[in-house]
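Residue numbers (the working numbering), protein chains in the order written: chain A, 150 to 397; chain B, 150 to 397; chain C, 150 to 397.
By construction, these hints were calculated from the structure, which means they are not laboratory data. Nothing false has been slipped in among the hints.
According to the in silico footprint, chain C covers these stretches of chain A (three or more CB under 8 Å from chain C):
# : segment
1 : 287–298
2 : 318–324
Subject to a maximum C-alpha distance of 20 Å in a straight line, what follows is the list of computed SDA-like cross-link-like pairs (lysine to any residue):
#  : chain 1 : residue 1 : chain 2 : residue 2
3  : C       : Lys-252   : A       : Leu-313
4  : B       : Lys-355   : A       : Glu-227
5  : A       : Lys-252   : B       : Leu-347
6  : A       : Lys-252   : B       : Ser-296
7  : C       : Lys-236   : A       : Leu-323
8  : A       : Lys-252   : B       : Thr-306
9  : B       : Lys-264   : B       : Val-193
10 : B       : Lys-152   : B       : Ala-238
11 : A       : Lys-283   : A       : Glu-362
12 : C       : Lys-369   : C       : Val-279
13 : B       : Lys-294   : A       : Leu-258
14 : B       : Lys-294   : A       : Ala-229
15 : B       : Lys-161   : B       : Ile-237
16 : C       : Lys-180   : C       : Gln-197
17 : C       : Lys-290   : B       : Ser-230
18 : C       : Lys-325   : C       : Asp-335
19 : C       : Lys-252   : C       : Ile-237
20 : A       : Lys-290   : C       : Gly-157
21 : B       : Lys-290   : B       : Leu-347
Restraint-style ranges between C-beta atoms, simulated for each label pair:
#  : chain 1 : residue 1 : chain 2 : residue 2 : range
22 : A       : Ser-316   : C       : Lys-264   : 20 to 26 Å
23 : C       : Asp-224   : B       : Gln-327   : 46 to 52 Å
24 : A       : Gly-249   : B       : Asp-378   : 24 to 30 Å
25 : C       : Lys-355   : B       : Ala-238   : 33 to 39 Å
26 : C       : Ala-245   : B       : Glu-348   : 51 to 57 Å
27 : B       : Asp-240   : C       : Glu-339   : 23 to 29 Å
Glycine is no exception: its CB is placed at the ideal position from the N, C-alpha and C atoms.
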Amino acid sequence: MFKAEILGETLKDGVEALTIIVDEARVHLGKEGVYARNADPSYVAMVQFELSAKAFENYETDEEVVTLDLKKMQDILELASRTDVIKIALDENRLALSFGDLKYTIALLSPYSIKKEPKVPKVEPAAHVVITGKEFRWAVKAAGKVSDNIALGCTNTDFFMEALGDSDSMRLELSKDQLIDVSRTDGKSEEVKSLFSLEFLLEMSKAVGKASEVAIDIGKNIPLKVGFDFADGNGRVSYLLAPRIGQE
Amino acid sequence: MFKAEILGETLKDGVEALTIIVDEARVHLGKEGVYARNADPSYVAMVQFELSAKAFENYETDEEVVTLDLKKMQDILELASRTDVIKIALDENRLALSFGDLKYTIALLSPYSIKKEPKVPKVEPAAHVVITGKEFRWAVKAAGKVSDNIALGCTNTDFFMEALGDSDSMRLELSKDQLIDVSRTDGKSEEVKSLFSLEFLLEMSKAVGKASEVAIDIGKNIPLKVGFDFADGNGRVSYLLAPRIGQE
Amino acid sequence: MFKAEILGETLKDGVEALTIIVDEARVHLGKEGVYARNADPSYVAMVQFELSAKAFENYETDEEVVTLDLKKMQDILELASRTDVIKIALDENRLALSFGDLKYTIALLSPYSIKKEPKVPKVEPAAHVVITGKEFRWAVKAAGKVSDNIALGCTNTDFFMEALGDSDSMRLELSKDQLIDVSRTDGKSEEVKSLFSLEFLLEMSKAVGKASEVAIDIGKNIPLKVGFDFADGNGRVSYLLAPRIGQE
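Using the sequences and the hints given, assemble the complete structure.
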């Protein structure tokens with residue numbers, strides 16, 4: 150059993166954050182709220198998703214686990230406005246979504262149709278940076294002009310993005326006073342950086358771009374972690390992205 | 150001989166209403182006004198079109214019948230503003246369109262290049278519904294999320310659209326107080342519905358969507374009739390759409 | 150050595166004007182300013198470009214000649230706002246572009262990768278017309294509805310564009326009072342016209358469309374010259390377009 154009511158805005162943003170990484174997701178409908186952990190088919194990127202029961206107008210559950218067709222949900226939710234209250238209900242193997250005069254019933258997917266839940270790798274980042282979502286999105290776009298790979302790095306006081314193409318290069322540098330926060334968590338001060346796929350960063354920046362604050366954890370050739378709140382602080386999304394090898 | 154002047158708005162809307170069903174149309178330029186009846190190449194849909202001579206700024210004719218390349222006219226009319234007065238004249242086998250500093254001359258098509266005028270089937274609908282064009286357009290879009298077929302139906306007091314996909318379904322229900330009008334013309338009260346192709350309904354909703362009032366006549370497995378006024382009530386467009394078989 | 154600072158607006162407009170004709174351009178960085186003369190690969194169209202050193206915020210040069218990848222520059226300049234001051238510097242075989250927190254370095258092209266500078270043909274036009282860029286753009290678009298060729302012509306007092314398709318035609322006529330200026334430079338009064346490729350005129354109209362005044366020199370079966378100022382009168386772009394043969 151699962152019955153809930155949720156603001157269009159929250160459901161739209163939540164579904165979008167997941168679709169950045171996966172088209173179909175295993176989602177836990179727990180007593181405390183909804184949570185999910187899904188890896189993209191190539192296991193290069195992962196999303197961790199939490200949405201507290203407090204984010205819902207109403208929330209009743211028997212601890213269900215469902216496999217959702219996120220792309221179909223997103224397509225249907227295009228018709229809902231951000232201020233609509235959307236009713237969600239589990240009904241055997243179907244999910245009912247109702248808003249306005251409309252009622253949709255969509256099939257749940259087989260739990261065997263998608264990959265197992267990935268393990269979250271243990272990472273000890275060297276630096277922690279906080280910037281606006283808008284700045285993050287802009288920087289990723291700027292890097293994409295010259296290369297398919299972007300390095301994200303940090304000195305003691307500066308955060309930077311670098312892209313090296315075959316013949317061209319780009320560097321964006323943001324110093325302490327242009328950032329919401331920057332700190333070294335490893336107690337060191339020499340430059341650290343890791344190289345990532347532009348493709349995934351571009352996808353992530355779609356969801357990240359709306360957040361007022363984005364937390365970025367970086368180190369030397371380790372996975373990148375990009376996290377942000379949504380649903381007025383009642384939801385949290387974290388993306389993990391494996392580094393590429395090949396640049397020092 | 151045919152010479153007329155007409156507001157850009159009226160000519161644009163009229164041509165668009167016809168292009169929903171056909172790219173080329175046989176059009177009568179009669180003493181009372183312009184009228185046309187054309188079926189789409191598959192004979193699934195038909196348009197009936199009337200535009201009174203009153204809708205024109207000037208109107209002189211010798212009862213001509215012409216075959217028009219509507220797509221070319223629509224392309225040219227993109228350059229005219231809705232407030233332009235457009236001069237139309239027949240000149241041998243050509244149609245002249247003038248507005249602003251521009252003069253276009255386009256060839257008439259051979260009357261043998263298109264299908265004969267279709268007969269209008271006699272239909273006795275079971276219910277008559279009036280809704281806004283905007284609501285009609287929105288409902289068709291909503292149904293398209295899950296299926297290529299839409300059922301339109303009526304009970305005694307409610308109008309509904311239903312779409313049944315392979316695994317998903319959608320239902321939109323509008324009750325008496327959400328409709329401009331709903332009435333049973335067969336004196337009965339049990340539910341009636343017919344199934345239609347989404348593709349044609351989507352096309353129709355482009356022209357229908359602008360109308361303030363849309364009249365819908367429906368019954369049990371009979372053609373759908375969708376009618377609306379334009380040109381301040383001096384024009385009328387009716388679409389007839391054959392039902393699909395396969396759903397009870 | 151070349152070091153300069155320039156307003157985003159000026160650099161964007163200048164690069165765009167060149168890309169109408171070529172993707173890669175040989176550009177002279179002279180003491181008095183920047184100039185270039187490049188033909189399209191088919192030698193049907195040519196651009197002459199001048200931008201005075203006065204148009205720059207700062208300008209220092211050792212008389213360099215560079216071959217630029219204009220498409221890449223245009224792509225990067227999308228990120229600059231029109232009010233940004235952009236720093237440009239030559240650094241060995243690379244061009245550095247800096248604005249905001251961003252620094253791009255792009256490779257210069259080999260001078261052997263593009264065609265030689267074209268000679269400017271001597272042309273004695275029969276008429277000189279001045280219209281707004283907006284009107285020029287609109288007229289070219291209107292002609293494109295019926296044909297891939299447009300004739301531009303002039304009588305004693307009128308400027309006209311004509312398009313003759315296989316079955317359709319278009320004529321746009323602008324008389325003396327609708328033009329900024331019209332005069333016969335050959336002292337004659339009979340109609341002259343030349344036929345041109347729509348494709349090139351459409352491309353040109355993108356850059357021309359922003360100019361408040363566009364000077365057009367036309368004659369009988371001779372190249373068309375279309376010129377306009379930019380950068381507050383400190384820059385000038387002229388396009389030359391060879392006529393097509395086949396229409397009297």
